[in-house]
Amino acid sequence: MSKTINLTLKVWRQKGPEDKGHFETYEAKDISTDLSFLEMLDLVNEKITLEGKDPIAFDNDCREGICGMCGAMVNGIAHGPQKATTLCQLHMRHFEDGEIVVIEPWRARPFKIIKDLVVDRSPFDKIIQSGGYISVNTGSAPEANTIPVPAQKAELAMDAAACIGCGACVAACPNASAMLFVGAKISHLALLPQGRPEAAKRALSMLRKMDELGFGNCSNETECEAVCPKEISITNIARFNREYLKASFGSSEK
Amino acid sequence: MELDSRVPGGPLETKWERHCFELKLVSPANKRKFQIIVVGTGLAGASASATLAELGYNVKVFCIQDSPRRAHSIAAQGGINAAKNYAGDGDSIWRLFYDTIKGGDFRAREANVYRLAQISNNIIDQCVAQGVPFAREYGGLLANRSFGGAQVSRTFYARGQTGQQLLLGAYSAMMRQVSAGRIKVFPRREMLDLVVINGRARGVVTRNLITGAMESHAAHAVILATGGYGNAYYLSTNGMNSNVSAIWKAYKKGAFFANPSFVQIHPTCIPVHGTYQSKLTLMSESLRNDGRVWVPKKPGDKRPPEQIPEDERDYYLERKYPSFGNLVPRDVASRNAKEQCDAGKGVGPTGYAVYLDLRDAIQRDGEEVIRKKYGNLFQMYERITGENPYKTPMMIYPAVHYVMGGLWVDYDLMSTIAGLFVLGEANFSDHGANRLGASALMQGLADGYFIIPYTIGGYLAGTELPAVSEDHPAFLDSQKQAQETTRKLLSINGKRTVNDFHRELGHILWEYCGMTRNDEGMRKAKELIPELREQFWQNVIVPGSSEDFNQSLEKAGRVADFLEFAELLVEDALSRRESCGCHFNEAFQTKDHEALRNDEIGCYVAAWSYNGPGGKPSLHKEPLVFENVELVTRSYK
Ligand SMILES: Cc1cc2nc3c(=O)[nH]c(=O)nc-3n(C[C@H](O)[C@H](O)[C@H](O)COP(=O)(O)OP(=O)(O)OC[C@H]3O[C@@H](n4cnc5c(N)ncnc54)[C@H](O)[C@@H]3O)c2cc1C
Ligand code: FES
Chain C
1 MSKTINLTLK
11 VWRQKGPEDK
21 GHFETYEAKD
31 ISTDLSFLEM
41 LDLVNEKITL
51 EGKDPIAFDN
61 DCREGICGMC
71 GAMVNGIAHG
81 PQKATTLCQL
91 HMRHFEDGEI
101 VVIEPWRARP
111 FKIIKDLVVD
121 RSPFDKIIQS
131 GGYISVNTGS
141 APEANTIPVP
151 AQKAELAMDA
161 AACIGCGACV
171 AACPNASAML
181 FVGAKISHLA
191 LLPQGRPEAA
201 KRALSMLRKM
211 DELGFGNCSN
221 ETECEAVCPK
231 EISITNIARF
241 NREYLKASFG
251 SSEK
Chain W
1 MELDSRVPGG
11 PLETKWERHC
21 FELKLVSPAN
31 KRKFQIIVVG
41 TGLAGASASA
51 TLAELGYNVK
61 VFCIQDSPRR
71 AHSIAAQGGI
81 NAAKNYAGDG
91 DSIWRLFYDT
101 IKGGDFRARE
111 ANVYRLAQIS
121 NNIIDQCVAQ
131 GVPFAREYGG
141 LLANRSFGGA
151 QVSRTFYARG
161 QTGQQLLLGA
171 YSAMMRQVSA
181 GRIKVFPRRE
191 MLDLVVINGR
201 ARGVVTRNLI
211 TGAMESHAAH
221 AVILATGGYG
231 NAYYLSTNGM
241 NSNVSAIWKA
251 YKKGAFFANP
261 SFVQIHPTCI
271 PVHGTYQSKL
281 TLMSESLRND
291 GRVWVPKKPG
301 DKRPPEQIPE
311 DERDYYLERK
321 YPSFGNLVPR
331 DVASRNAKEQ
341 CDAGKGVGPT
351 GYAVYLDLRD
361 AIQRDGEEVI
371 RKKYGNLFQM
381 YERITGENPY
391 KTPMMIYPAV
401 HYVMGGLWVD
411 YDLMSTIAGL
421 FVLGEANFSD
431 HGANRLGASA
441 LMQGLADGYF
451 IIPYTIGGYL
461 AGTELPAVSE
471 DHPAFLDSQK
481 QAQETTRKLL
491 SINGKRTVND
501 FHRELGHILW
511 EYCGMTRNDE
521 GMRKAKELIP
531 ELREQFWQNV
541 IVPGSSEDFN
551 QSLEKAGRVA
561 DFLEFAELLV
571 EDALSRRESC
581 GCHFNEAFQT
591 KDHEALRNDE
601 IGCYVAAWSY
611 NGPGGKPSLH
621 KEPLVFENVE
631 LVTRSYK
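These protein sequence lines are chains C and W, in that order. Heads up: the first sequence runs through residues 1 to 254, numbered per my numbering. Heads up: the second sequence runs through residues 1 to 637, numbered per my numbering.
Just chain W, with the same shape it has in the complex:
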């Protein structure tokens, strides 16, 4: 199948405006005749639901948590980018566009990224009007800070709780539409299948997580905004319920999966402490504004940090990358931390940690100023580690954090299944092979507030959509299949818990397809994953029944999907014969150990299609054409 990104022609700057003009419109009176399903209530899903409802569509929205306000967007800490240039430091739409394309190591679509940068400013306006309490200067105007991969200050923030405040804004807009009767919320629901009728997405089958009941919901279009799949690695900064299941089911129904191996490993997380740890906690990148990263110069130096004199510390990021220093992009910072630890210079009980030291900033600005900027992060660090970061440097290590990969979408954010739109982290759209900090919140809200309201209208107005009801055989088939999977999971009654399998899968992916990759390791992973999957289906134990609240069953379904998906992730990594951004194959590196791109063969989006159980997925390449930026080697030196 030929992939058509449907990027409009004409100059980059006017593509989106012209496209909006050319899209067909649904008249206000007709909007109320359409039912739209939105799965997910994070920034992407909540902003989409609210806006579509304001326009007059009927919206049904689903989430796993007990309230839409708890989607994992809530955990985003550091901030959201916009090209307002309030700091007067030379920012512009063009610069935000360029930084994002470059940060992504030239593996994203120019037109999408440019649109994102254009829309960024409207997002800030919208959020302020909703009452998002962004940080302010004393004069009352909005404050900014810097994030990695940028030399300007363009990040808006609400203390260390930016995601929470943005999500509460979108959530409250949604709640307003609930009371207006335009949105119906279905919390504690898990999407088990996508229903496709005559080649078009027409509904979903969900499990009511309280009663266990299977439910069918028909619609004219389906939007997935189900977040990222970083939990495939078991340990990550994602929420416990984050999963690949929703988009994996869509993949099996014909949606192409793009760049599954592009996984971002965030440099500043609290290090792993033991086997029974369930998740890793991010220490926001914003700390790198004021924090300095270092290790002892001498390998094996076990002295406490206070006792290591200045000239025996290696501030390796400042040394290697003088112009960006501690603010190099995430992939670069992460690999460097690993390199230091692999060389025996890591610190802490496991030797897999480096220092993030705010001593100099505290001396310069005083503890109060630092507390105001990062107080909640310091508190979180103290809760988890039992150490006081005002007194002793924090220890950090990279952890799986975000996925650039996701379902393939065209310029309208529509997948290869007509009528199935994908927003937020669940799509692959804007971040190429590496996402810059503070750009995911921007993308989720751009998708939901400002893009989908236009593009979905174009689809609905231009498509003949005969009525379908929930007793259509396609719904019954999906229900039957989901019931069968559930029955199987509950009947195995083996000897290993779901968590145990999940941990092992995570270990395989982290070891063989993590921060750095090599062909041998990836081949090994390709053998280990199917073996583990087989064991899972023979030996997992899932207690309880399918007819009530059963968290073991929820988790088992998600891990079963991770066990299938992981193979595609590795396949994708192996098939890309270059390094780029977060994808670092040791065979392709410069002599300074930086990722070595190969633009001759690597300028493409890898989009995979499903070929049935046991079938090998097929790779389709969407060529990436750069007309407005020059492909250069990323340098942050």
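The shape of chain C in the complex, shown without the other chains:
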């Protein structure tokens, strides 16, 4: 049943990439527990706006957990306390009346802060550009059912392909590694027959790009898996490592 609660928010405010940033405290009063976390922020922002001040900037679009645009550290956890849930799908019924809630942006070297809770995740696009695709021009595809894919493989590929690219994995990792993100893409494509021809090249170039962009290495902390809103499994990292090993030994392209 819906009720209302009061919260104290400590929100990271930072004017731009060069600003040092600081925490600011806001009272969020009479928050219906049916609201989503972002709707709660909307309400706080309405109030800030009417006071003539600058509202809290945060990224969002679909508000249904699929576009990967939203995200913040809530009490130190990427996307907040509820497992397998993006920030936009987190609802206020998971908070207690009187709770203090600390809200910060993703903090990871490769993601520069643009403003407040908004960060620059364009390094993810750059990783995909380095090989996260199957090279097939429009119009050159064979009839779809000429490439059968065992249902189980298709399911595994889909599990990996469910990644929304939100960056929570990087934010949660002490090394700011993007291995879960990269592992998911490599797995998705390597599991499918269509993706095999380029599998080796793909693994090598995506890993190289990830290093170059300043993401750290994976030291098996598994924090990434714990916060992933789509429950992408770290077995994808293992699969990536296998693909990479195969590629490093088997390929002429080092």
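Treat the hints loosely; a few may be bogus.
Unchecked claim - Between beta-carbon pairs, the in silico distance windows are:
1. Leu532/W <-> Asn75/C: 37 to 45 angstroms
2. Asn75/C <-> Ser92/W: 54 to 62 angstroms
3. Lys53/C <-> Gly614/W: 32 to 40 angstroms
4. Glu221/C <-> Ala87/W: 41 to 49 angstroms
5. Glu339/W <-> Pro150/C: 56 to 64 angstroms
6. Val272/W <-> Gly76/C: 45 to 53 angstroms
7. Gly52/C <-> Gly462/W: 50 to 58 angstroms
8. Lys112/C <-> Asn598/W: 58 to 66 angstroms
9. Asn598/W <-> Lys15/C: 56 to 64 angstroms
10. Lys637/W <-> Asn241/C: 58 to 66 angstroms
These aren't lab readings, by the way, just hints derived from the structure by calculation. Quick reminder that beta carbons are idealized off the backbone N, C-alpha and C, glycines included.
Model the placement of chain W with the ligands on the given structure of chain C, informed by the hints.
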């Protein structure tokens, strides 16, 4: 102005092939001399950008989100249609064509829809080759399911994330061209104006949403693929950034706006819970494959659903429409839900909800099978409502979802401005007065992968296009005007927030020009909207500056455009003297409360042209001629 749809002659089946042959070609060496602008990176924009770049054109592509992969196509759940007939249940190109024309209540162009059905199969081939992990049968072949308005199983899907997977496919094709140097992506950009020089679209002016800087971009042709404007209603299943601004600016520069009042209200969404709700969430239509829709027979029955015995439940869709049952088209399902609730039989705290019950399917197939098909939808429902749909029936209610209306385009997808092409939900092309489920993804990808690559070539090869540079006065004018609007918005410093105005506008449209409409209500809306607009320009508060990241300013610009556009939407609804598909005017209905078309006067596309600020828009009618199908009364009984 005479509207020329430029539909090629000859038999329906060979029109497109012949047209492709007759279109002029740009030689491979010449393609690289052309610059093309694509605004939007959803299915339509991403597929167009990738394909044009593969052909050798230089492409600049713009989107609002921080990455092109986040366009709202990502949220599409249920699936994409194609006439593969893998299920062997009697499907064919002709049947997909016919279902789509009929589903649209005979208010779409035959030739366009037929082409769409023809191309549908190539889309599936392309997506599979890109690695889209569609659902498979145990033997490894592609699986299908059924969607509303069809009696065959022709919908391809990737769990409940079909849009995501298709978009990631198109996005990765695009990224491949970025690395090949053919595409340059400009994320976090908003198009503020279309630049027209000598009657031709030659570029856009954008705002860099990080720095606030105004930027000009010149090109030989401009493609808008900016999605739908359902957010005019405030609450909808669209993304928060979805807008009408891009196509509205083009309208003001001379592009005709077609059928703006054709707005689809989707029957199965999570009901509204309170004032500060920011959006509505769709529960995919695919659930109607296995779910049964019902309300208690007795008005005001407040017992929990488990306690309502079978014979006191009214499965009203199955009762009224025995042959399509729960799979009637969306407009029919939505109006019926409203009718039940208006009769006091609605359920839930507000009384504006009906049950969508999967109990029987769970009993029949087991929870595991159902979880595999709909797991992510059930999870989403549980997140939002705090209720477990495996145990208790879901509550649903109709919500604004999709717009059939959009910029008018001819058979080549070119608007009334030469060199301005419009793709995807942003155009009006294929769905008439009501879109069938799983057909928008198909249309967006057909437009982008398989139509525009041909038709834009025909335009570029056959047109003299002198070089223009970004310091042409037309660019400077557009920039100046955009700056002036921004300055005004920031200086009002009133007492009401942008959201507050947006909410009120949404309320007006929903009440007076929503699921059912009547003349009195629409006239009232026509008075209320300009009043609200005036208040907005006197009393809105937009904090911050134009020289940095300012989300309030972004939103204010979009709401300002909605406030203008809403009037056209209502005008269009009022001017159509019939009901058809989603447009339901109470004055035109059968005795069973179904939409009553009037083919004598209603077989036209309403295309509106702009007549300056304060001027009344003019209506131009493109007659719809049906040579291949018989106009019948839609019946799903
Ligand atoms: C929740 C939901 C579920 C759906 N499920 C299905 C389904 O199962 N099957 C189906 O067929 N259809 C479905 N649809 C409909 C379908 O998803 C959309 O119609 C389709 O994806 C629209 O694609 P698009 O490329 O035209 O636009 P979008 O994907 O909306 O992309 C618009 C693009 O334009 C950009 N843009 C917009 N305005 C501007 C501007 N002013 N300046 C710069 N850039 C701009 C955006 O940033 C974005 O990149 C669903 C829709 C919703 C909302
Ligand atoms: S806003 Fe799209 S995932 Fe949260």
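Cross-check of the supplied hints:
no. : hint                                      : result
1   : Leu532/W <-> Asn75/C: 37 to 45 angstroms  : 40 angstroms, holds
2   : Asn75/C <-> Ser92/W: 54 to 62 angstroms   : 57 angstroms, holds
3   : Lys53/C <-> Gly614/W: 32 to 40 angstroms  : 36 angstroms, holds
4   : Glu221/C <-> Ala87/W: 41 to 49 angstroms  : 47 angstroms, holds
5   : Glu339/W <-> Pro150/C: 56 to 64 angstroms : 47 angstroms, violated
6   : Val272/W <-> Gly76/C: 45 to 53 angstroms  : 33 angstroms, violated
7   : Gly52/C <-> Gly462/W: 50 to 58 angstroms  : 56 angstroms, holds
8   : Lys112/C <-> Asn598/W: 58 to 66 angstroms : 59 angstroms, holds
9   : Asn598/W <-> Lys15/C: 56 to 64 angstroms  : 59 angstroms, holds
10  : Lys637/W <-> Asn241/C: 58 to 66 angstroms : 59 angstroms, holds
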